[in-house]
Amino acid sequence: MLVLVNAVSFVVVTLWSLLTQIIFNTIACTFALLLQCLKGSSEGTLGIFQIFSECIKACFGFILELVFKLLSSLVSKVFDIVIERATESLTSSFTTSTELIEKLKTALEGPVNEALPKLFEALLNMAINMVKELWKNYNGAKMLVS
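Residue numbers for the sequence shown follow our numbering, beginning at 3 and rising by one.
No wet-lab data here; the hints were simulated from the structure. Any given hint might turn out to be false.
[Unchecked claim] Simulated restraints, written as ranges between beta carbons of each label pair:
#1 48 <-> 14: 36 to 42 angstroms
#2 100 <-> 134: 46 to 52 angstroms
#3 50 <-> 21: 22 to 28 angstroms
#4 18 <-> 107: 58 to 64 angstroms
#5 14 <-> 54: 27 to 33 angstroms
Don't be surprised by glycine CBs; every beta carbon is placed ideally from N, CA and C.
All chains, full assembly: derive it from the sequences and hints.
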C-alpha cells in the first residue's frame, strides 16, 4: 500500500512540476515579448495583453480540471480499497464467529446433557419441599385457629 502511495505521489509531483514549468516559462517568454511590444503601439499592446490573459485563463482552467479529475479518481480508488477491505474483514469475522459458535455448541453438548437431569431433579425436589412446607404451615395454622 505504501509503495502504491509513493508511486502515485511521485507521478503527481512530476506531472505538476512539468506542468508548472511549462506554464511559468510560457509566462516569462510572453512577458519578454510584451515588453518588446510595448515599444510599439498601444493598440497592439492591448491586444497582446488580452490574448495573454485568455491564455492564462485557459491554462489555469485546464490545470484545475486535471487536478480535480486526479483527486476524484484518487478518492474513488481509496473508497474502493476501504470498502473491499471492510467486506473482507466482515466476511472473515462472520466465518470465524460461525466456527466459534459451532465449536462452543459441540463443547457444551456433553456437559449440558449431563447437567440437565440433575437440574430437573433438583428443581423437582425443591418444588416437593415447597409443597411439604406449605402443607405443614397450613396444618399448623389450622390447629391454631381450631
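A quick look at each hint next to the structure:
1. 48 <-> 14: 36 to 42 angstroms: holds (38 angstroms)
2. 100 <-> 134: 46 to 52 angstroms: For residue 100 and residue 134 the Cβ distance comes to about 48 angstroms; the hint holds.
3. 50 <-> 21: 22 to 28 angstroms: holds (24 angstroms)
4. 18 <-> 107: 58 to 64 angstroms: holds (59 angstroms)
5. 14 <-> 54: 27 to 33 angstroms: Because 28 angstroms falls inside the window, the suggested range holds.
Checked against the numbered hints given earlier, the structure satisfies every one of them.
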